[in-house]
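*Asks:* Please model the entire structure based on the sequences and the hints provided.
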Amino acid sequence: MSKIGLGLAIAVLIVATSSCLLSPQLSGDRAEDGSSPEPQILPLDAFGVRRTEIVAAGASVGTFSFWIEHDSLNLHFEGLDGWMFSKIAFETKETIGEFKLDDRGKLDIASFSTNVYFENVVNSASYEVDLDFLGDFSTSLFTALYLEMRNADGIEVSTVPTVYLGTIFRDSGQLDLNAVLAGSLHIELRSGLAYCDLSLINEGNTEASFITVELLFEMEEEGTWFEFERVKLVSFEDELSLVPGASTKLSAEIPTKGKKRVTADISSINSDSVRLVCIYEGDF
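Quick note on numbering: this note's numbering labels position 125 of the sequence shown as 126, and the sequence is numbered without any gaps.
One should not assume that every hint holds.
Each computed DSSO-like pair below joins lysine-lysine, with the alpha-carbon atoms no more than 30 Å apart [said to hold, decoys possible]:
1. Lys88 / Lys107
2. Lys94 / Lys107
3. Lys233 / Lys250
4. Lys94 / Lys260
5. Lys88 / Lys101
6. Lys260 / Lys250
7. Lys233 / Lys260
8. Lys233 / Lys107
Hints were generated in silico from the structure; no laboratory data involved.
For clarity, every value in this text was computed on a predicted model and none was experimentally measured.
*Replies:* Here is the structure:
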């Protein structure tokens with residue numbers, strides 16, 4: 002199997018963690034201030050679905066998920082614990098620079114192609130967006146989202162407008178045109194600390210840009226794995242990029258004991274191997 006095929010196979014076989022990397026935080030006020038269009042990456046599960054909780058006052062009030070199927074983007078919204086949707090607005094673009102901004106330089110919600118207000122609130126809603134506007138060699142897309150919700154007590158909350166990254170997996174002929182990330186995770190135990198070194202290389206023909214890397218530490222208790230620590234090595238703000246053939250080493254350390262599992266979660270905006278996951282598991 003080629004390195005490209007192996008990378009994709011690993012991506013498909015890994016199940017995303019149950020908790021979310023990024024959750025849109027809600028407040029009791031309308032999201033008047035908006036946000037700059039900085040893309041957010043959600044975990045990709047074994048079925049190709051990206052999902053996040055909608056959180057208000059520390060409680061989960063709903064979920065948002067999206068996936069690509071049959072050349073269409075599918076979005077699904079689900080309310081929890083009596084919370085209902087009063088407005089759903091979103092827009093999908095090929096590049097992040099295509100989103101319209103208002104006079105303050107924030108995402109212009111009024112310009113979203115889907116902007117629905119429900120006079121009678123709904124518990125769930127699903128939408129399908131045809132992706133025929135994307136270029137033949139596009140490997141990513143961006144969806145901007147804004148929600149308003151209300152419960153039976155008349156309490157209203159809304160999200161800050163947020164842009165999410167989606168990924169398109171192309172066939173092997175097109176993969177050769179893109180950046181392909183590969184990596185290896187090395188764990189060394191010394192004096193009660195786990196030293197983690199992640200080696201990352203771009204084996205493709207184009208630059209891998211806006212790379213993000215995060216280590217997830219899990220602990221086994223009675224046969225079940227629980228997340229207990231996340232260490233962000235690189236974020237969008239760091240803007241780590243790798244030209245073809247370039248490599249880098251990232252390191253972290255954490256106190257640990259007992260049976261642990263460490264996952265390196267790697268993402269890149271313009272790489273087909275956006276979810277390359279390396280796992281080390283053992284008794285620390």
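*Asks:* Does each hint fit the structure? Answer for all of them.
*Replies:* Against the structure, the hints:
no. : hint            : result
1   : Lys88 / Lys107  : holds, 19 Å
2   : Lys94 / Lys107  : holds, 16 Å
3   : Lys233 / Lys250 : holds, 14 Å
4   : Lys94 / Lys260  : violated, 44 Å
5   : Lys88 / Lys101  : holds, 19 Å
6   : Lys260 / Lys250 : holds, 25 Å
7   : Lys233 / Lys260 : holds, 21 Å
8   : Lys233 / Lys107 : holds, 26 Å
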